[in-house]
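Asks: Sequence:
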Amino acid sequence: MLIEFDQSTLANMTAALDFVCKKIPADKDTPELRKQIADEMIACAKLGRRTYVDFQDAGEKRLAEIARPQRARWLAWLRR
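Reading the sequence shown from the start, the letters are residues 1 to 80 in this note's numbering.
These aren't lab readings, by the way, just hints derived from the structure by calculation.
Nothing here was measured: the structure is a model prediction, and the numbers come from that model.
Ideal placement from N, C-alpha and C gives every residue a C-beta, glycine not left out.
Do not rely on the hints blindly, as some may be mistaken.
[Stated by the list, open to error] Restricting the straight-line Cα-Cα distance to at most 20 Å, the calculated cross-link-like pairs of lysine to aspartate or glutamate (EDC-like) are:
(1) Lys61 x Asp27
(2) Lys23 x Asp54
(3) Lys28 x Glu60
(4) Lys28 x Asp18
(5) Lys35 x Asp57
(6) Lys22 x Glu65
(7) Lys46 x Asp57
(8) Lys23 x Glu60
(9) Lys22 x Asp57
(10) Lys28 x Glu65
(11) Lys28 x Asp39
(12) Lys61 x Asp29
(13) Lys46 x Asp6
(14) Lys23 x Glu4
(15) Lys22 x Glu60
(16) Lys23 x Asp57
(17) Lys35 x Glu4
(18) Lys46 x Glu60
[Stated by the list, open to error] Distance ranges between label pairs, derived from CB positions:
(19) Ser8 x Ala43: 15 to 23 Å
(20) Ala11 x Lys35: 14 to 22 Å
(21) Asp6 x Asp27: 31 to 39 Å
(22) Pro25 x Glu4: 31 to 39 Å
(23) Ile3 x Ala26: 31 to 39 Å
(24) Tyr52 x Glu4: 14 to 22 Å
With these hints in hand, go ahead and build the complete structure from the sequences.
Replies: If you want it as structure tokens, here you go:
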């Protein structure tokens, strides 16, 4: 629940989410994708990383993972 975060954290998270969501390709923009990005930012905040840059980095990382073509995801899994 977001009530556990202070106003500064929520403002940083909101601004970073807006920034990252503007980078979503139109054909991939869905509420589910936005939720996954937001969930990643919430996880980031729960780890104590609460700056705008922290949220932006977390959101962009998640977007890159999701937006990566299916074949690239499979290859990334193999490299683990």
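Asks: Please flag the earlier hints that this structure goes against, numbers listed from lowest up.
Replies: Hint check: 14 fails alone, others pass.
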